[in-house]
Structures are given as structure tokens and as C-alpha cells.
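Engineer: First to last, the sequence lines map onto chains A and B. At position 541 of the first sequence the residue is numbered 541 (this note's numbering), and the sequence of numbers has no breaks. At position 67 of the second sequence the residue is numbered 67 (this note's numbering), and the sequence of numbers has no breaks.
Calculated from the structure, these hints are not laboratory results. Treat the hints with caution; some may be incorrect.
[Unchecked claim] Looking from chain B toward chain A, a few residues come up when the C-beta cut is under 10 Å (computed):
1) Q69
2) T136
3) G157
4) V170
5) A172
6) G219
7) D223
8) L299
9) L303
10) P308
11) T312
12) Y313
Backbone N, C-alpha and C fix where the C-beta goes; we use that ideal spot for every residue, glycine too.
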Amino acid sequence: MKLKDITSPFYVWQRAFEKPYTQSKPIQERIGAHAYRGFHINDIEKCVGCGTCEEICQNGAIDMVKIAEKASEKGDSGLVPRFDYGRCCWCALCVDICTTGSLGMSNEYTWASDDPDSFRFTPGVDQTSWQDSEHGYRRHPDYNLLKLERSEMSMLDPDEGLKSFDEVVHGFDHKQAVLEADRCIECEICVATCPASMDIPDYIRAVRDQDFEEGLRILYKTNPFSATCGRICTHHCETDCTISTFGKPLAIRWLKRYIVDQIPAERFAEILQDEIVENGHHASIIGAGPGGMSAAYYLRKKGYGVTVYEASDSGGGMLRYGVPSYRLPDDQLDKDIDYIVSLGVEVKYKTKIGRDVQFQQLMDESDAIFIATGLNQPSSMRINGEDHPRVLSGLAVLDDVASHRDPGVGRNVAVIGGGNVAMDAARVCRRLGAKVTVLYRRRIVDMPADKEEIEEAHEEQVNFVIQAIPVLIEDADSKEKVTIQWGEAKMVAEEGKRPRPVLQEDKMHTETYDCIISAIGQAGDFSFLPRDISDQLNQHWGKFEVDERQRTTVGKIFIGGDIANSVADAISAIADGKNAAIGIDAFVKG
Amino acid sequence: MFELNRLSEAELESGKYTKIWHGPQHPGITGNMSLELTLCGDDVVECKTHVGYLHRGFEKMMERRTFIQNFPIVCRIAVPEPTFNEYLYAAAVEELAGIEVPERAEWLRCLNLEMMRLASFLMWLGGASGSFGLRTVYQWTVTHRDYMLDLFEEMTGARIYHMYITPGGVRAPLPEGFTERALSVMNGIEKLLFEIERVVLNNYVFKLRSEGLGVIDPGMVDDYGIVGPNARALGLARDVRKDSPYLVYDQLDFEIITGDKSDAYNRTVQRYQEMHQCISLIRQMLKQVPTSGSFHANLPNVLHWKIPAGQTYVKAECTRGEYGYYLVTDGSEYLRRITIRGPSYTHAIAVMEKLVVGVNIADVAGLMVSLHTYPPEIER
């Protein structure tokens, strides 16, 4: 033992002359670090109630709850997370996975209350002193648990695509599909958005698990046109996909297509195993489009005898005659229609109600009638000269091409309109070798056509002239040509509405084309309805008024599809068919 | 090897012995476990260790959580040094899932681990001196540990359960101005260590009580699986950081520190030297840690993350020696099995039961602390 060992410890005394290390007012003087994981905050304006926070929480500390401040609407479940601080471990996985970035944490870390229930609180709703705190943990922008990038979809080169009517989109390969399916967070926001309420996360899971037979069963439970919708659906689901806040929405439509593409049509019956028990009732359906055939499918599954009357020579309606085959090849549409027919649905082609069969006969024979005749009459442009022989309708051109007839559009074409029919007509004309100009009265962003269609039309060198209002159509020098006068439009803002185009009369242009294709909208043809019945049915803006089960004011008659719903797309027609089947079943058995 | 002469029933009832419970509620115990001591006078003649006071069933619980959900759980397995658990779990998952971790994340992880080692040593040093009656030192070390916790708070968002090292990388880069603040804390701790040397290591009372206490003889090392500073104090140059380098340890300048005897005093000296080494490593890393680049690899969707069937054992040198995670996956979204093996398992049970025999009751706490054991880690 050394002397030093005895003296050295007295060094301790030196500390007696130092300032204290402690703080007298720690709560005021020592605030949490900038990124401290303190108490939760939630921006309920941003929050869409996807519930991913609840899903990832390993403690079960989060419950999604309904609040008075927020309604459930498209793209928003109306729920918000409620935290139980008796369970929370402040790991912040909920913040990391939050799809909208609404969740965060403040740097506050003291909370005293004599009410134990107050520690189960809903951030953003229950008042807290830290709700507006700028400090505290937020997900670092370079750190992400969500998969934001979409699997690349291989497509036909635009120049190559113009040479034929071959399908433009190639579809996912196996690796791409599984990768894409892996991105889904199963929040089910899309299910509420889909008109047909398809079980989207379930079939995406089937892709992940590579169980395509199960995938097919899930698809056909809610949509008998899955092969078709996998290609041309307007995919409202993708618009509301929660991943789209920070990244690209899931390619839900392509995943649906991938499932159907894995299974040959001959195996549908064996996999789907729809067993039909006849119930002795009979329903008639007018129109073999998506709405009519969807109703036929669900009614047949309920045991109804079903007869579908179709004026043309094959089924599919606008899907066959309106959608060009580079978007939807006929064999894919046939997959769906053949399967529906195989269940014992009787389809009478080339049978027009009012001409071949009288409507009254259907009223007498059937327990119920579902009308889904679609919009097949082109709307008028209401300008002078539109009855010129070189003015064609978009629908007629598409119908000709689908029926393998030459529409005779010439080499230089103007298409008037900004909807899907206009885009399809323009792209079809490009494939027929014509130079195409689209004239649209508003801006590109106002176009009702699908974004992809507009983009692809651009890629296929369709020339867009926007804010152009047609004024007059007149004869050109040659009988094979036609001249159009159009004026530039100014966009005038209108309160509560989209901006209105106003013609500027001093900025007029005159152009000559080989033909002009009018595609500004379609209307229905209801001439087959007897006067007394059509008088009883309520119409509003050219559409029939129906309730959520497609019921009309006439007991037996149900109406759906483009002539009833305002969206006028395939998936809404399919949903109408499904709803009508439920409505008819209730009516007949009721 | 394992031969303890247990007293018979008859001997125990002879009236010669006293049986007392040392823990689980005892300030001298290093956590929630207890020693059932049989005393003859003031000397321990027999010891039975009892665990079970802190059983949280982590290993079983983790079989019912997804891979990402386990990440906030593992830090609780060894409370005073959660980061090693975070690292080992992440490293094992990454190996099984075939995930490449960005270089910047490796540096940040390594920095985080060394900071953790230093903070853990500071707490231990307070316990080691406090258990021999030097209570003032405890207050000093805990103060400086708190400054370390401040650094963790800035870097990771939490003081104790950092949850910073996630599978795939780390959660955030270093905040602005962190290096300067960290270096200033390091300087403070270096000054503290200078005082520790005077007040603890050169202290007559401390030496008197700790020298020759709980001597680990070389024969015990392999029989009992003694690792870390407890073994290095004996002269065995065993350190996972050198023996099978992980993270960026192969790019850092350090040598394994060894001693020549492993008793309570020399183990304190060993750790005192390793604290200096920690400071040196932290300073090296603060200089070299990349300031740009990715710090987190892209993971598959963590909500339904499936890892192919496989198994792996990953190890790291924690404050107390080799710490290992053994993971088995079966291709599903859940772990098939996980086993966590920390050094406390032997140090606090088998080694303790052997070394405590013949020790004065007043030194039991000091002996236990000198082995640096964490009961929560025994009961995963």
C-alpha cells in the first residue's frame, strides 16, 4: 500500500468548488431534442385513416376511431388513430409508415394528469399543448418504409404500335407483378372507391402468394369482367391509392390483368365452380354490354333464367365496338363473355327491342327487366354544317374498325372532343395512317379522357390544339375534303365551377381536312320504350333516375350502365349490373 | 467442471448456518435477480442464484411479431445497453434476407455502438465504486452518462431505448453540430476518468476491498465460457471486434487491451482502460463518418415481409463480452425461433455461484458488479 493511495482520494474535495451540474427548472430550461420521440401529433386534414399505423403497431396501442370532425368519403375512411399511452412504447414505427405524413411526434415529454383515461387520446382531435409543435420526431425524407416506385410496365414502342392494332401494353412479367403486389399496404381505401367494391387487397395478396386460382376466384366474386377490367378499367382505385401521396399508386389494374392472364379461359369453370340452382324465375336484360352481362351473371348465379337481347351480332357493347383492340383485344373480352354465357345465360344477338321483339312482350314474359342499352348516339356539335358527308362520328369510326370495315377517314383528320372516344378515334386514325389533329375547347387538364390515353396519344404524335371552339363546317374545294372554322377560346374563371371557355371572335382559323370526326359525347336511344312506360320513368340530364339498387318508378324495370350513372365507365356499369341483380332478387322474392 | 459442494439438509439444520436472500430488492444487486446465500458467520459458504423476476418472454413473443415489429422489442432485452441488441437483430435479419447495408449506415451504427459501450461503462463504474462505499463517484459517472444520453437523444430521438438501428440501416443521419457536442462530452468524460484514477483506482479502501476478490483463474475461462473484459483482464486477447471484425472496426485503429489477473480490482482497471479506448474510437469515427449518401437500404414492404427459410448466428462484442443472436426463419412472415445468448448468462449464474463462496457478505455486491452482469439479459 502506497501513501498516494491514502492521499489521492482527497482529490474529491476539488469538486466542492465547482458549479452544480443540475438544473433548477428542467422543464423550462431543458426542452427535448429537436427529433425527440415525444407525444404524438396528427394532422387530421392530411390523415386519410388508412390504418397502417394501427397495423404496424406491435403493442396494439393504436385503434382507428370515428370522429365527429371528419366524414368518411372517397379516399378517406374518416377514421383517425387513437393512442393508448398505457401500451405505446414510442418506437415511432407508426410515424415511419404513415402514408400521408400526417403523424408525427412532438419533443414534449412530460404529461401529468389525474385522469387515467386522458392518456388514451386522439392526437389532432383532443386538445394538447404540443399539437402544433414544430420540434419532435418526423420521418427523415431519405428513410422510407413504403415502396413508392412502381414496377416498370413494358409497352410497345409508339412507332411500332402505330403499325398495327396489336395491344400496346405488354403486361407484367412474374417478377414485376410480385414486386408490384409487394407494395400494397392493405389499407382497403381502394375497396370503398371501386364502384364494384372489388376485394383489391385480397387479390393483390393472391399475386404475392402466387396463388392465381384463388386470385381468379376473388376477382370473379365481385367482377365478371375481370379480364376486361384488367385492361381498360378507369381505375378509380388507383386515384385514391394511399401510396400516391408520396409515390406512384399501385398498378392495381395491371395486377388484375396479371391474374387473369395466368389462367387460360378453359380452366375458368373448373376454378370458379359456380353452382347454379334454378329458382324458377326469369329476368330479361336489354343490352349485352358490361352492365347487362354483369346483371346476367349475378342473376344466373342466384338461379334466375336469364335472356339477354342484343341488337348487334356479339356481346360486349361499347367494350367491343367502342374500345379499340390495341387497348382491349377481342379474345380477352370473349374470355369474360364466354364464361358468363357458359353459366346458361341465353343471349339473343341481332335482336333489337322494338323492332324484332316488342318491349311489352318482355314485360309479360319476365319477372323483371334490366335495361342497360348504353349511350350509342353521338351528340350534336350544334354548329352549322355538321351534317356534311365528311363529318363522321367517333363512335361510327370505332365501330367500323372493330368490325374490320374501312371507315374511310383519309390522310388528314381532325377529331373534335376530349373524351375517351375522341382519344380512341384519334389513335385509331393514326393506325390507319392519317395525320391527326385533336381540337378541344378547354385545356388538357380539363379533358375527361383517361390520363394514360392522353399521354399515349401524345406519344403517337397526335397533334393537340386546345382551347379551340368549332364555329362552322363548310364545303371545301374538293368533295373528298371538308373545311372547319374554329376560334381560339379564353378560359374564364367561374366561381364553384371549372373555368369556362369563351370564344374570341377576332382569333379565328380556317383549316381543311379529309374528314372531321365528331366525338363530343354520346346520348342514349330510348325509342324502343313504349310511350306509356317512358313517361313513367324519371329522367334527369339525359339519364334515368334510379336508386342504389337500380330500381325505377316502374316496379319491374331496373336500369343501369351509362344510361343511369353519371360516371359512364365500364366498372360503374358492372357495379350497376351487380346492384340490379340484388335489387331484382329482392323485388321478385319480396 | 461444475462441482459445488452443496450442504446437506442435516448440515443446514445444524444451527451453524444462516440463510439470507440477497435480492431481488437490494441496491447491491445488478438487477432483478436474487442470490440465496448460506452464511457461516459473515462468510458465504453456498450460493444459489434465482432468476425469474423479470421474465418477459421476449423470444417467444418475437415469434408472434413481424420482422419489423420485433425491432422495437429487442432493445429491452439488456436495458442498460439496448443498442447491441438492435444491431444484432438487424444484422441477423439482414443476413437472412440478403440485404446490403449502405456504408454510411455501418459507420453510424458503429459510432452508436461505441457510444453505448461508453455510456454503459459509465453506469457500471458508478455501480462498481458505489458498491464498495464510494457513493460520490456514482453521482459523477451518472452525470456524465446523462450527457451521453443527451447525445443519444439528439442522434436517435430517445435517451434509453434508442430504436435507431433498424433492419436495413439506421433511421436518421447525425444532426447538425453533433460532432462538436460529442467531442465536448468526450473531453468531459476524459477529465472524469482522470479523477476516477485518483479517487477510485488509487484509493486505499477500494483497493483493500477489491484486490483478490473473486479471482477468476485461467482454468475457469473455457470451462465457464468467460468472455469480455472479465477474460481480457486475465491476459486473454479475445475480442469479437478484432477476432471477426464487423461494421467498420477493421478501419479503426485500436488494440485489444489485456491485463494479467482477473480480480475485482483488475477488472475495474481493465474497464477503465477500455473506456479510454472507447473515447479514442468515438473520436476516430466522428472524424471519418460519411456525411452524405444513403443511410437505409430499401426493404421489401415491411407489413408483409417474408424472409426465406434459413438460420444464422451473429455476434458482436458488447460491453460484457461476446453477445450473440441466433435466428431461424421458415419462409413465413414470422421468426421460427430466436435465441439470444448474452455473457450475463454464465457470469451471473455459474461463475457467480462459484466465485462467491468464501466471500464476506459485505463484498457480495461488489463481486457481482465486478462481473458486470445484467439479469434482464438472462431472462429473454
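Engineer: In ascending order, which of the hints set out earlier in this document are inconsistent with the structure?
Structural biologist: Result: hints 6, 7, 10, 11 and 12 break, sorted rising.
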